[in-house]
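Colleague: Each chain, written out:
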Amino acid sequence: MHIFEGFLPSPWWQLWFVFSIPVIFFGIYRLNKLVAEKRELLPLLAVAGAFVFVLSSLKMPSVTGSSSHPTGTGMAAILFGPAIAAVLSTIVLLYQSIFLAHGGLTTLGANVASMGIIGPVAAYVIYKAGMKANINFYVVVFLAATFADWITYVVTSVELALAFPAEVGGFATSLKAFLLVFATTQVPLAIMEGALTALIFKYVIQVKSDALVELNVISESVLNKIKGANQ
Amino acid sequence: MKGEAIFAVIAILFVASFFYGMAANPDSEFGGADGQAEDVIAEITDGEYEEWTGDSWVNSVKFEPPGGETESLLFALQAAIGALVLGYFFGYYKGKGQSE
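Sequence order for the protein chains is U and F. Residue numbers 1 to 231, in the numbering used here, belong to the letters of the first sequence in order. Residue numbers 1 to 100, in the numbering used here, belong to the letters of the second sequence in order.
No wet-lab data here; the hints were simulated from the structure. Don't take each hint at face value.
Unchecked claim - Heads up, simulated DSS-like pairs for lysine-lysine below, C-alpha to C-alpha not over 25 Å straight-line:
no.	chain 1	residue 1	chain 2	residue 2
1	F	K62	U	K227
2	U	K227	F	K96
3	F	K94	U	K202
Excised from the complex, chain U in its bound form (with noise of 0.2 Å):
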């Protein structure tokens, strides 16, 4: 999903800046304070950000003849909301642009702004409200970090339509060629996405169910339901 280095011009590269920078430091606000109150959490911190780590290196084909990564950011949206999201997101995306030439420094802003912070605010936004109306956990895992996934790319599709409107039909025949390339690729990949996330999940509440109550994931009586169906 990476714009590529030099591949937004001026004004957009700047303004994503300006869009993400804020919440960078938000999330860097919020990791700290969570270093300092729950140490005893860090553990899962971990296992999110590896998770982000694992799933944006793998380049899989998808049916439309071209190849995309998923994201793995659902699960620290659900986990540790969506401004933790983005300071993992910020850490891979560094990684890329730097050892790999993936992706940009310029276009940095605008990465993050998709991979770290729309997506994950999606993710956490379904996540609420399908745990609100009383959807089975796993399912509302699954939704949210499908949608995490996939909706990161529409929004690098409208990254690039506002930085390149067509010259005929403007901003919405520009995002109708990008969301073909993007938006189609991954719907594939962001099914298969949230299926490995709700996977995860079922080992987390398996290992370190205290962690998801502590963090205010799931109440107690939800935890109790879905482990009393388990056995």
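Fit chain F to the supplied structure of chain U, relying on the hints for placement.
Modeller: Chain F in isolation, oriented as in the chain U frame:
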């Protein structure tokens, strides 16, 4: 077990969709979607758009992998580091749970 079974079905469907993609796009090299977006940009701007960072300082702080093989290595390394952390902490939690 139920979760794993559902995941297996989705994984099989995913692999099947890949084969469908191969059949539907026989000439494709399955290059990155971001590369395709580059073509779309060229189309929209009539090939006039040039990346503006060409020889600015931005490219000098970055490490460009010398070839496709090294790039795969670095991607594999990224996946390995992540998988190591995941496995380590899940193992740690599991062991801790059993010893309590």
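Colleague: List, from low to high, the hint numbers that the structure doesn't satisfy.
Modeller: Of the numbered hints given earlier, the structure breaks just one, which is hint 1.
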